[in-house]
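Using the sequences provided together with the hints, build the complete structure.
Residue numbers for the sequence shown follow UniProt numbering, so the first one is 1 and each next one is one higher.
Simulated from the structure, these hints should not be mistaken for laboratory data.
Every residue gets a Cβ at the ideal spot worked out from N, C-alpha and C, and that includes glycine.
A few of these clues could be false.
Below, a list of computed lysine to aspartate or glutamate pairs in the DMTMM-like style, where the Cα atoms sit at most 25 Å apart [to be verified]: (1) 84 - 70; (2) 129 - 118; (3) 59 - 70; (4) 90 - 102.
Pairwise CB distance ranges, derived in the manner of DEER restraints [said to hold, decoys possible]: (5) 65 - 89: 27 to 37 Å; (6) 119 - 92: 38 to 48 Å; (7) 86 - 125: 49 to 59 Å; (8) 89 - 111: 29 to 39 Å; (9) 117 - 81: 47 to 57 Å; (10) 89 - 113: 34 to 44 Å; (11) 63 - 104: 51 to 61 Å.
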Amino acid sequence: MTGGATVIAGEAPETDDEEEQSSGGLQENRSLKEHSSRSSEWKPSDVLRRWWSVHIDEKLEQRWRALGADVTLFTVRQSAARRKQLDFLKNATTNTQHIVHEVSFNVGRAIENLTRLEANVSLLLVGAKLVPDLLDAVRDCDMPTTD
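This is how it looks when you write it as C-alpha cells:
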C-alpha cells in the first residue's frame, strides 16, 4: 500500500505521501509559470519566427479566401443553366395556368348557353303541342283528296 497511492482531483489525501506528491505537482506548476514568464521576454529570433508564422497564416488565409471565391464562382456557373431552365418552367407554368383559367371560363359560358338552349327547346316542344296538327286540319276541310 505504501508508495502506490494515487491522487484523485477533488479528494482529500489519505496519507502524508499523497500530500507530498500533490505539493510536488504545485511546485512543478510554479516552475512552469516562472519559465513561461521568463520566455515571454522579447528576443529578436522569437519576433522573427512569430512574424513568419503570422505571414504564413495570412498567406493561408488568402489561399482559403481565393478557394472560397473560386468554389462560389464555380457553383454559380454550374447553377446558371438550371436557373434558366427553372425560369422557363416558371413562365410555362404561369402561361398554362392562364390557359386553364380561360378554358374554364369558356366551358362555363358554353354550359350557360346550353342551359338556355335546352330551356328554349323545351318551350318549343310545349308550344308545338298547342299548335293543332296541320294534317288533321287539312282532312277536316272539304277539299277533295286525290287517291
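Subject >> Structure versus earlier hints, numbers of those that do not hold, lowest first >> reply: Violated hints: none; all satisfied.
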